[in-house]
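Number of protein chains: 2
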Amino acid sequence: MTGRWVIVAADRQKRPSDFRLDRPTILGRDHCPFCPGREDLTPPEILSYRQNGGAPNSAGWDVRVVPNKFPALQVEGSLERVGDGMYDRMSGVGAHEVIIETPDHGRTLAAMSEQEIERVLWAYRERIVDLKRDVRMQYILVFKNHGAAAGATLEHSHSQLIALPLVPDFVREEVDGARRHYATKERCVFCDMIRQDLADGARIVVENADVVGLAPYASRLAFETWLLPKRHGARYEDAPRHECESLARALKSVLQRMDRALESPPYNLVVHTAPIFEDASAFYHWHVEIIPKLTPVAGFEWGTGFYINPTAPEEAAEVLRSVRL
Amino acid sequence: MTGRWVIVAADRQKRPSDFRLDRPTILGRDHCPFCPGREDLTPPEILSYRQNGGAPNSAGWDVRVVPNKFPALQVEGSLERVGDGMYDRMSGVGAHEVIIETPDHGRTLAAMSEQEIERVLWAYRERIVDLKRDVRMQYILVFKNHGAAAGATLEHSHSQLIALPLVPDFVREEVDGARRHYATKERCVFCDMIRQDLADGARIVVENADVVGLAPYASRLAFETWLLPKRHGARYEDAPRHECESLARALKSVLQRMDRALESPPYNLVVHTAPIFEDASAFYHWHVEIIPKLTPVAGFEWGTGFYINPTAPEEAAEVLRSVRL
Numbered sequence: 173m174t175g176r177w178v179i180v181a182a183d184r185q186k187r188p189s190d191f192r193l194d195r196p197t198i199l200g201r202d203h204c205p206f207c208p209g210r211e212d213l214t215p216p217e218i219l220s221y222r223q224n225g226g227a228p229n230s231a232g233w234d235v236r237v238v239p240n241k242f243p244a245l246q247v248e249g250s251l252e253r254v255g256d257g258m259y260d261r262m263s264g265v266g267a268h269e270v271i272i273e274t275p276d277h278g279r280t281l282a283a284m285s286e287q288e289i290e291r292v293l294w295a296y297r298e299r300i301v302d303l304k305r306d307v308r309m310q311y312i313l314v315f316k317n318h319g320a321a322a323g324a325t326l327e328h329s330h331s332q333l334i335a336l337p338l339v340p341d342f343v344r345e346e347v348d349g350a351r352r353h354y355a356t357k358e359r360c361v362f363c364d365m366i367r368q369d370l371a372d373g374a375r376i377v378v379e380n381a382d383v384v385g386l387a388p389y390a391s392r393l394a395f396e397t398w399l400l401p402k403r404h405g406a407r408y409e410d411a412p413r414h415e416c417e418s419l420a421r422a423l424k425s426v427l428q429r430m431d432r433a434l435e436s437p438p439y440n441l442v443v444h445t446a447p448i449f450e451d452a453s454a455f456y457h458w459h460v461e462i463i464p465k466l467t468p469v470a471g472f473e474w475g476t477g478f479y480i481n482p483t484a485p486e487e488a489a490e491v492l493r494s495v496r497l
Numbered sequence: 173m174t175g176r177w178v179i180v181a182a183d184r185q186k187r188p189s190d191f192r193l194d195r196p197t198i199l200g201r202d203h204c205p206f207c208p209g210r211e212d213l214t215p216p217e218i219l220s221y222r223q224n225g226g227a228p229n230s231a232g233w234d235v236r237v238v239p240n241k242f243p244a245l246q247v248e249g250s251l252e253r254v255g256d257g258m259y260d261r262m263s264g265v266g267a268h269e270v271i272i273e274t275p276d277h278g279r280t281l282a283a284m285s286e287q288e289i290e291r292v293l294w295a296y297r298e299r300i301v302d303l304k305r306d307v308r309m310q311y312i313l314v315f316k317n318h319g320a321a322a323g324a325t326l327e328h329s330h331s332q333l334i335a336l337p338l339v340p341d342f343v344r345e346e347v348d349g350a351r352r353h354y355a356t357k358e359r360c361v362f363c364d365m366i367r368q369d370l371a372d373g374a375r376i377v378v379e380n381a382d383v384v385g386l387a388p389y390a391s392r393l394a395f396e397t398w399l400l401p402k403r404h405g406a407r408y409e410d411a412p413r414h415e416c417e418s419l420a421r422a423l424k425s426v427l428q429r430m431d432r433a434l435e436s437p438p439y440n441l442v443v444h445t446a447p448i449f450e451d452a453s454a455f456y457h458w459h460v461e462i463i464p465k466l467t468p469v470a471g472f473e474w475g476t477g478f479y480i481n482p483t484a485p486e487e488a489a490e491v492l493r494s495v496r497l
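Going line by line, the protein sequences match chains S and L.
Per our numbering, residue 173 is the first one in the first sequence, and the count goes up by one each step.
Per our numbering, residue 173 is the first one in the second sequence, and the count goes up by one each step.
Simulated from the structure, these hints should not be mistaken for laboratory data.
Fair warning: this is a prediction, and the values are worked out from it, not measured in the lab.
Treat the hints with care, as some may be off.
What the hints assert, rightly or not - Ranges of calculated distance between the beta carbons of each label pair, as one might list FRET restraints:
1. L/Glu286 <-> S/Arg210: 50 to 58 angstroms
2. L/Phe242 <-> S/Asp302: 44 to 52 angstroms
3. L/Glu358 <-> S/Gly200: 56 to 64 angstroms
4. S/Glu490 <-> L/Pro215: 28 to 36 angstroms
What the hints assert, rightly or not - Within a straight-line C-alpha distance of at most 20 angstroms, the following computed SDA-like cross-link-like pairs (lysine to any residue) qualify:
5. L/Lys241 <-> L/Ile198
6. L/Lys357 <-> S/Gly175
7. S/Lys402 <-> L/Gly257
8. S/Lys357 <-> L/Met258
9. L/Lys357 <-> S/Tyr259
10. L/Lys402 <-> S/Gly257
11. S/Lys402 <-> S/Ala454
12. S/Lys357 <-> L/Met173
13. S/Lys357 <-> L/Gly257
14. S/Lys357 <-> L/Ile198
15. L/Lys357 <-> S/Ala454
Backbone N, C-alpha and C define an ideal beta-carbon position, used for all residues, glycine too.
Please put together the full structure from these sequences, using the hints given.
The following block contains the structure:
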């Protein structure tokens, strides 16, 4: 009906008895496969940053990227689409990687220095650039689940990357919407948004030379915050170094503000960038969305696409803005 | 960008300190405003079923419908749409009602008799028929949050109804998709689905004279189950009595099976029906979607529109089918 694809990840198959909700289990320090000295507990590394040198897959790294041990998609296989009566299926070709953000088990992204955060953001970029060379991939999704309630299963701070042979729904909708706006106005809708919100001021959370952080006008959940580069650009991986620096600075500020104002909430962070094979350069505008998970109501919203937000974006922005760091 | 509307419910405004995630608080028996004898704790009733008589707003009812004490939308006010620069806003006109399903505080929908469930389903219908007379309303959304993790804030079994001055996203997408299918095939896509899935058998959970319960081919979450009338019909409220009886029977069976197989999971239930002012009679097909909330991963899926389902629908259907009631 909707053209939506779903990944059925049989390798991650769970038995019904695994589905108890209780308090979700999260892997702590004692058995953490992301801690230095335990490099053999993950598949061999794809990338690492090692300021002080050291051999691959040994301790001494600052940031480390490895394939997900329980991937939702696999790199091997051909991209065959077959009909199944009225339905469609294809094999689960793609990549699923983990970006281990720090060797320090207890350090959150919010607690890292701006330089450390920038290194993580740069690792996102490097992996996107590399994976784009696989012509089977149509979209590369970078995201982070922080905290068990946001879907994290490991405590040690990490992000994930999924390369997809299709364009996911939310990107499809955004790109199509931005294209429609451009078709009538010949302006980028995100640039318009930044301009109006900066002039207004009420929904701005942070601002620096290159990046603005704001609570979007039609925020779906309380304290939803977007980080956008002021300069128009469709692709995250094309952002110049100084934008990456400014993004790290703004991101740290927003995460620290959320930690103070909302008592270190679980959150999801998603990088929104243009699909690989579409020329969206005129009308799409990359950005990062941060969604703190404050109430369990999302289940209903999820099922209906219908959002009731108990906090006006102007109030959320004011609360975050007034945090003293 | 996406044309999405969000309800900012200022009356339900929460302060940042209210947003701790911890274990969500749920109102138990001692302070339950839905128990008989406490009718004065809710706004005056809109509808009640009283097999044994009794005055309105007194004990003795079997099903009771009241306005939500903390409504997301209010009946008063005019439906004025105004521009706010590039954005749009309108006043929050609508209705928000609560269907108290049983006088018995401890009784879940799954535990009720088929006759009792049918009465609840009939109350949905009566309220929809009544609210449709308000020409400002474009859609009437009936749903149920069961369990704190699914968004329920009261323990006593209840459903909710929200009458909206617009058509929510999920309905828009489904209706448009079904219309596209009809445009090329001249057949209802849901009827096609029922035909193929009944012939295949692998995704069927329950079946009776009028209703089929199945795990959809592209299930977004594990154990997602849809209940569809076999006979084509676009509107829930137009379903004849015997379909309502069959729906009650199938619903009880599915909920009992979920309770046994998945240890009484929290769940969301959503009635999908055609928008009030669209003639979708040829191509839309009302149905009920039940989504057990088994993992907290929904936060990510919610933010991306991108679903990784760890359980194949064929396996989920088999698990539910093989439960011995």
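Item to check | Hints violated by the structure (listed by number, smallest first) | outcome: 14 and 15
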